[in-house]
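All chains, full assembly: derive it from the sequences and hints.
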Amino acid sequence: MTKFVQVCLNGLTLGSLYALIALGYTLVYGVLRFINFAHSDVVTIGAWMAFVFCGLIGWLGTDSPIFAMPFILALSMAACALLGFTIERLAYRPLRRAPRLNVLITAIGVSLFLQNAGQLKWVFGTQPQAMPKLLSEQALFTIANVKVPVVDVVIVVLAFVLLVWLQYLVFRTRLGQAMRAVSFDERTAALMGINVDWVVSITFMIGSALAAAGGMMYGLRYGTLLQTADSVWVLLGLKAFVAAVVGGIGNVRGAVAGAFLIAFVEMFGAAYRSPQMRDVYVFGILIAVLILKPGGLLGKSTVEKV
Amino acid sequence: MKSLAERAAAHKPNLLAVIGRSAWPIALGFIFAYLMQTVVATAVGDFYGKLMLDVGIAIVCGVSLNFVNGYAGQFSIGHAGFMAVGGYVAAAIVFYGSIKLWGSRDIHGGFLGPGELLLVAGCLIGGAFAALFGLLVGLPSLRLRGDYLAIVTLGFGEIVRVMLQQTEDVVMDPKKVEAMSPLELSDNLGGALGFFGAPRYLDPKNPFWIWLFVVLVLLVAYRLKTSSKGRQLLAVRENEVAAEAVGVPTTRVKVSAFVLSAFFAGIGGGLYAHELGNSLRPADLGFQKSIDLVIIVVLGGMGSITGVVVAATVLTILPEVFREFSEYRMIFYALALILMMILRPQGLFGIRELWELGPWRKLFRRGRL
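Protein chains in written order, with the working numbering: chain A, 761 to 1066; chain B, 14 to 382.
Take these hints with a grain of salt, some might be off.
Cβ pair distances, simulated, as ranges [what the hints assert, rightly or not]: (1) B:205 / A:1033: 47 to 53 Å; (2) B:115 / A:1034: 33 to 39 Å; (3) B:52 / A:982: 55 to 61 Å; (4) A:1033 / B:296: 21 to 27 Å; (5) B:113 / A:762: 47 to 53 Å; (6) A:886 / B:149: 33 to 39 Å; (7) B:327 / A:1033: 45 to 51 Å; (8) A:858 / B:260: 25 to 31 Å.
Honestly, the hints are just simulated from the structure, not real lab data.
Using N, Cα and C, we set each Cβ at its ideal position, and we do this for glycine too.
Now the structure itself:
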């Protein structure tokens, strides 16, 4: 029972992280119809930015003030929003009308650039770093002999708040209406007076800010930050992407559902079957979904038009 | 008035002519590889010899990736995963095979001796395994839009790496190897440390098989490009909906190109595993290697065989020349990818071959695509 609760808790936390990252993929896919390969690197940069900001301000130990975490989070999210804006402006916008393959190659180029630039001595370096403990590791409460640390609670609550906010933004505001219109038909949206470039930029900024939140929370939860090109980061982004596809890419609610599904499968597989095979389970789900329901669980299958 | 079937049958060349047309390039390939072995390898010395081996393997893998990323217009970024499959299968066959057959893991037999034939068999079986994996990966993802293949192949490459890292140590003791069945041995691939100890048949003095496979892959690539299958691929690449409308079985041609590509990548991996100075570690055949190959294809020209050969040669030699800038290498590659897509999206050569560029191209009108 204890193990079961523990695994559920881990799944819930990991699912929240995946959901934050998966939303970035799905939002960008929604408006631009392409997979932003560089998204996982924005996650990485977000985590490292948080580390750098902590170092600059001097909040490195457990004695940091209580408002340190939200403050660093806001800084990191803002920095990554700026990064996302720059990437879109410089690399993707010139290719808005280009074939999809070219955009994909560019995205891989951006991803490689971020990974390897982050490894340079004067950026983040190649040494793994310990993320400052901005949140205490003490248990907040206990369920069935399982201690629930503050970090986990904060991650789940934060993810929940951001998801609700995003839901509100996309479905209840004028900006969200514009985003949905661009997603539906870019050209017609432009004819209706929507500034498409602006909407795309905003979407990239929101996605990147969520990625930064996901990355920083990942750092706080797991403690160490590996070099930016490490496969841990690549896999984190990949699994979040799988979550977005499984839920139906382009669908905001689907991404969240997919994220929790992936996280629970991964955690239960790791706990009750073989822990080394956790990545294999995730990709097993991806293959199964691509074969059985290519549109994703909540997505609708679309027919390619000329 | 003849029926359509009869008219179509009249266009089929007879068997003898087909064999004749395939035999002479292969014979030429043997001669070329033999010359590389006897004349060039002794003339250039060890350093350049090793570099040439690397170039040869880069050509095999780059040209094979070109089938998918160039001809078919799909995007695979897990090509090193297929290299790893082929490399490990070939290394296991050659390493454990030598022990089982001849009792030691040393190089057995001289030039074209039994040991080298085992190597070739290992490479071919490794290629077949890679092709099988290619089918498994390609079948679900190629039915869908292009982007999915990129993700699935990326995931495939990572999974191959993770799985290989969890294998057991290599069994070095000949007596133990004798006692174990091939199936039991298939888990003893060295884990994260890598499969070390495989006999190094390919060294700067002995590059014969690499060049033979280079010629073979180039021949297949050229024949494919100018055949009706290749034109189907190019049609898919240019416009998938239109290709489907004129009756191209799009999924099938994409999957077959992918499987062929995986096959040659597996052979390339087998050659890589037996080259002197290479270590066969899961991390060496990971994402980075896949990206190296993607860069070769994208810069050389997606669909151009000679373009890929030139890019493979240049991009293998450049890092050796600029060794002190190695930490900036990937950054340059990344910027090159982005700028290339913005400024010249078809790659340096585009789909054209070397002889179709420049003032002499009029001489080659007939073969132009």
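Comparing the hints with the structure gives:
1. B:205 / A:1033: 47 to 53 Å: With a Cβ separation near 21 Å, residue 205 of chain B and residue 1033 of chain A fall outside 47 to 53 Å, so the hint is violated.
2. B:115 / A:1034: 33 to 39 Å: holds, 37 Å
3. B:52 / A:982: 55 to 61 Å: holds, 57 Å
4. A:1033 / B:296: 21 to 27 Å: holds, 25 Å
5. B:113 / A:762: 47 to 53 Å: Since the Cβ atoms of residue 113 of chain B and residue 762 of chain A sit about 50 Å apart, the hinted range of 47 to 53 Å holds.
6. A:886 / B:149: 33 to 39 Å: holds, 35 Å
7. B:327 / A:1033: 45 to 51 Å: Holds - the Cβ-Cβ distance for residue 327 of chain B and residue 1033 of chain A, about 47 Å, lies within 45 to 51 Å.
8. A:858 / B:260: 25 to 31 Å: Holds, since residue 858 of chain A and residue 260 of chain B (Cβ atoms, about 28 Å apart) stay within the stated range.
Checked against the numbered hints above, the structure breaks only hint 1 and satisfies the rest.
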